[in-house]
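Novice: For reference, the chains in residue letters:
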Amino acid sequence: MKEVLNMAERKTKKEISSTKGTTTAVKKQAPAKLAIGEQPAAQKEARIGVFICHCGTNIAGSMDINAVQEYAKTIPNVGYVDNYKYMCSMPGQAVINKAIHDNKLTGVVVAACSPRLHEPTFRTATKEGGLNPFRFEMANIREQNSWVHMHDQEGSTEKAKDAIRIAVAKASLLEDLFPKSVPVEKAAMVVGAGIAGMQAALDLANAGIKTYLIEKTPTIGGRMSQLDKTFPTLDCSQCILTPKMVDVGRSPNIELMTYSEVESVEGYIGNFDVTIRKKARGVLTPAEAAAKGIVGGGCNGCGDCETACPVIQPNTFEEGMKPRKAIYIQHPQVVPLLYTIDKEACIKCEICVKVCGEKKAIDLNQEDEFVKVKVGTAIMAVGYDIFPIENKTEWGYKRYENVITSLEFERLICASGPTGGHMVRPSDGVAPKKVAFLLCAGSRDNTGIGKPYCSRFCCMYSLKHAHQLIEKMPGVQPYIFYMDIRSFGKMYEEFYYRIQDEGAKFIRGRVSNILEDPVSKNLMVFADDTLLDRPMKLEVDLVVLAAAVQPSADTNRTRKLFGVSCSMDGWLLEAHPKLNPCGTTTAGVFLAGACQGPKDIPDVVASAEGAASAASIPIHVGHVELEPYFAQCIEEKCAGCGMCVNLCPYTALALIEKDGRKVMQVTEAKCKGCGTCGGFCPGGAIWMNHFATPQIIAQIDAFLLGGEH
Amino acid sequence: MEAKHKYAFYLGCIAPNRYPGSEAAAIKTSRKLGIELVPLKGASCCPAPGAFGSIDLNVWYAMAARNLVLAEQMKMDIALLCNGCYKSIWEVNHKLKHHDELRDGVNEVLKTIDMEYKGSINVYHLAELMYDDKIVGPAKIRDSVTNPLTGARIAVHYGCHLIKPRKDREFEKTEILNTENPTWMEELVAALGATPVEYRQKMMCCGAGGGVRGYDIVHALDIANEKLINLKEANVDALTDICPFCQLQFDRGQIEIKEKFGVEYNLPVLHFCELLGLAQGMSPQDLALDLHGISCEPFLQKVL
Amino acid sequence: MAGHEAIPKREEGAFKPKIIGILCNWCSYAGADLAGGGRIQYPPDVRVVRVMCTGRIDPLFIMKAFTDGADGVLISGCHFGDCHYLEGNFKAAKRLFLVKNLLKNIGLEDKRLRMTFVSASEGAKWGKVITDVVKTVEDLGPSPLTELMK
Amino acid sequence: MAKTKGYPEALETKLRDRYMYGDDSHPEFTDSVEKISMSIPHMCYQCGTCTASCPSAPRSSYRIRKFVRRVVLGLENEALTDPDLWLCTTCYSCTDRCPRDIAPTDVIMAMRNLAFKRDIIPVNFLKTVQAIYTTGHGVPNNDVNRAARVKLGMDADPPTTHTYKEFIPGIQKILDYYKLKANADRIVKEREG
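Going down the list, the protein sequences come from chains A, B, C and D. Quick note on the working numbering: the first sequence kicks off at 3 and runs consecutively. Quick note on the working numbering: the second sequence kicks off at 247 and runs consecutively. Quick note on the working numbering: the third sequence kicks off at 192 and runs consecutively. Quick note on the working numbering: the fourth sequence kicks off at 4 and runs consecutively.
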């Protein structure tokens, strides 16, 4: 019965919005009142309270608050107007609370900052005042008014008046809504198993949450496992990383999927259905072998196959400076200890199959397999890549043998690296005597070739590199070409002091170009010593480019699967740069580590732990409230044409038989409230909660027909 | 063969008035390669980007625009053989096409001589046409060679104003946009049968530009001298260029360097068109190589 | 510097265009907020209505705005491929073509209706878009429909 | 402006006030340089890439980075009266490499334009103007060359303004439009009498 009633109610509302209805009514110059008589009880005596915020001088500084307040009183359906220095403060909210009671308000409009900032705050205030929280509407007179029209008092005042009138028009037509509470799957997913992903996964697991850790390469560990030592403490990267890697491998709550990629994501916070592609590694785990009835079989990492394999490839983990076989592990500490076959390189000679023997671990015909999992929340930790620094041709990377990147330096100086830690230069394997480090190589570059941003950790690792040279090879002279040394972290400036004391020479100038001596393969480095004010031409044996970093190759594909946006330079975009750095605009999806922007290890770990805690909250609460912006079908208007069904990106709509005719039906849990169906329905038979056609039309009318003429 | 491509041939000053051989060579060799160069009658100095750009850019725009209009009236794109001219003629054409304000200003002036710049033509350097296989290309050049310059070690001086600044240049062949380590001219030299030679600071300026040669001759010569030292080290038989002004600086410059610094190189300096002429069988007389400050004899003996 | 200097005031009695902007919550509305944070200055003539997605925009809204006497309508959403709801912006764009034709047919300059794509990180771009939209409508002058409605 | 100390001349020079004062800086200088150069020197972060790329820097006191700095600070006098201003060979290496996407070469050219407005200019530049005014060519033809051209079977004069002299008045009109010839003659006369 009730259902029928408010359907009828909707019907009338729909009529209100018909052009004719409004224009005639508009003569009365009050869009919200225009339907007097036929309007439903709830709206008949709409009494809206308008509360104008000064935001200190942020708003009051650029517009005439009193004029706005006086005007607001004249707006139809306005029952109360007030203003306050800080509406969001406790006293400010108390004003709203009191006014609702004293004036029997049916709706609340706060003219202040952006709803994207304080809508939740004022909805709570509205609720505490005894109204349904969805009877609140916000007029943005700060971000989109006072701050962008700072020198135009008149303009911003007029705009504020209109904004409030528009908000009141909508508030007058708002109705009670009740958020839908959905259960949250007690599992989480972390994409990317570098230090960020590992830390996040471990935290979630330790908080008792089942966590799927997805890594696209054959092993976890990421960039950090390529590093030799870490600044400023100088502890060995592998030494502090491997224990974590082992923990990840051991944790009962972590289901590790290496050599795997996210294929598709469906659903919403609390209930993401994720499909994962497990790329065929051509090698069976003991478990997989057992499943195939091979007793005691599967890969145990003995490495006989690698020894036997005749195909030689460059080892990507060693930045191509060391060979590996077509069947390989990237380095001895890999987790899981499991060989992988490079499909491109493999010649299917099957020698490995023979040497593997009874273990029967190798399956050259294995195919990708797809796994579906359900998780409540997800964390993206897809990390970073090195900018292709050869694009800055003036430094001759890839043209001159002895110009290398910092990552290559890490491998060369690392005891487990291609040279066993003997720092030699590529051209002749001789130990360098003079080494130049180029900072901001491709960073802070506005030419369109490099990256406009600061890559944030190059200064510090270059200082560390200088230290490693001085420590390992007495007599070596490092020259650091810098524009600014950015040593802002804990104990970083002290580290700078130490390296300077150890004898590194700092030259305040950016290297313009490098020329190679065709015979000695030494390098001429040209720069301007801006402090001495003299151009310099320095001959060195080796040049190390602190190359800029950029979002990892796969970032864009993955972010789109999760509906996460990115900033102009491609880094993933946080929900709020200061107050919500781990969140994204997609509820239930969070960011960890460098995929959000360049971060050093401490920052990465901190952000990972932040993301993990944020991602665990909905899971621990057990349920989330979805904003009730669902589509609904006004059945007596639905012609059953089914146009909307295909428009819905979430398959939330379906045609059903009802009293002998087809009508559309919405699965509320699936509907995300985009309104694409409502925007299209030729019969106007779709009602979008909180963004209903009459409400939006009322806003349009209020702006264009209401107001002072 | 009859010409597939026609261009208004913009001469500039130094080629016709100091190295007429390169003008003659340009016309003859181009014809062999299917390019007809039609004289751009009444053209003036481009004007010298260094001198005029320094005094008053507006004059530079207007004067260059006048030369452009002459070609617009012929309804022909311009081809030229000098980097300095390329900077004036190409860059002004480019700027006027993209900045209405500039164009209106220029047309204001041109009105006084009943001319109007329309922006209806393009400007090309012969070297870029020679490298562009849609027009000529190394292969076609190789086929046109009747007297390969076998055994000659030739270094290239690219000069500055054809390729720099890279960011507002536009070329059919992106190889030409490489300003740090280009090798496309070397390809052309190799097409003549000669051996292209790399040397230190290949991309360094000749030192003559920007009015410096006139303002402070020893400063300008010191720059050229640094390049000559590097060239000597690479022991080359000749230096080739695509800019008569660079050629003047290296060729006549060697004489001044001898006078002022007391060092001698006797390194023959030839415009690429002159080299191409030799390779296509033109005689040193056809190229007026005797006008060069530095005798080309030792080099000629190698290649003839 | 660009975008931060004060906007030149209109002289008295000059035509003040009435422009309505319908923005999606996730990209353009956020971008507009970012412009605020960055204090990017632009003309105050556009009034904003927020919807969750440009896909929500019923052609009726646009026609209603014009019959109500709007001089211009701005629809702004996410870049293609960035839509928070996968492809609402794409569907909106497709509808806009129809609406533009409709406008032409009723003799209204279709330049009065504009769809732009401004992401949550493009505050400066938002400033440029608004400045440009206002200029376009100023040059077109008052909507012919306002006369007819009188 | 630097304060004079009223010492005897020798001391006045030796102990010259070297402070930079606020009123040494003229923002309008920065603006006009940016307008003429169509570039953005105010964005310079003084990395020195320009000077390091400069063929003139290693053999002179010319420092393009300092000139750009002077533009940033609006130090008009210091910039325009510095004779090094004329040592740029316009090779554009700095423009090619500037990480801030500034065109230092064009910035120098703009400053030279402003210097000329104050009659600061080397005469050789003006001689080119005079040559073009009379012949249309900066490097005009000569008899040796004419002979050579004839030997090559070409006309003694190229098909430029040398042959088609009727174009010269047009060129003179353009130069006179900017009073260039008059100014050139005047300045050359002042310098060389």
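Misleading hints may appear alongside valid ones.
Not close to chain A: a few residues of chain B, all C-beta gaps over 10 Å, as computed [said to hold, decoys possible]:
no., residue
1, V315
2, D346
3, D389
4, R415
5, E426
6, E444
7, R446
8, L513
9, D532
Here are the computed lysine to any residue pairs in the SDA-like style, where the Cα-Cα straight-line distance is at most 20 Å [as the list claims (entries may be wrong)]:
no., chain 1, residue 1, chain 2, residue 2
10, C, K200, A, Q155
11, B, K287, D, D158
12, D, K120, D, K168
13, B, K413, D, R149
14, D, K154, B, D389
15, D, K69, A, G157
16, D, K168, D, R149
17, A, K435, A, F508
18, A, K436, A, C456
19, A, K539, B, R446
20, D, K176, B, D414
21, C, K319, A, F508
22, A, K539, B, N476
23, A, K400, B, Q447
24, C, K316, A, P579
25, B, K274, D, L155
26, B, K357, D, K176
27, D, K176, B, N476
28, B, K341, D, K120
29, B, K287, D, E37
30, A, K523, B, D350
31, D, K38, B, D414
32, A, K539, B, Q447
33, D, K176, B, P530
34, D, K69, A, K400
35, A, K129, A, G157
36, A, K436, A, G505
37, C, K200, A, L581
38, A, K523, B, Q447
39, D, K154, B, N476
40, B, K287, D, M157
To be clear, the hints were calculated from the coordinates, so they are not data collected in a lab. In this text, a Cβ means the ideal position worked out from N, Cα and C, and glycines have one as well.
Novice: Of all the hints given earlier, name the ones this structure violates by number, lowest first.
Specialist: Of the numbered hints given earlier, those the structure breaks are 5, 6, 7, 12, 13, 14, 15, 18, 20, 21, 27, 28, 29, 30, 33, 34, 35, 37 and 39, listed in rising order.
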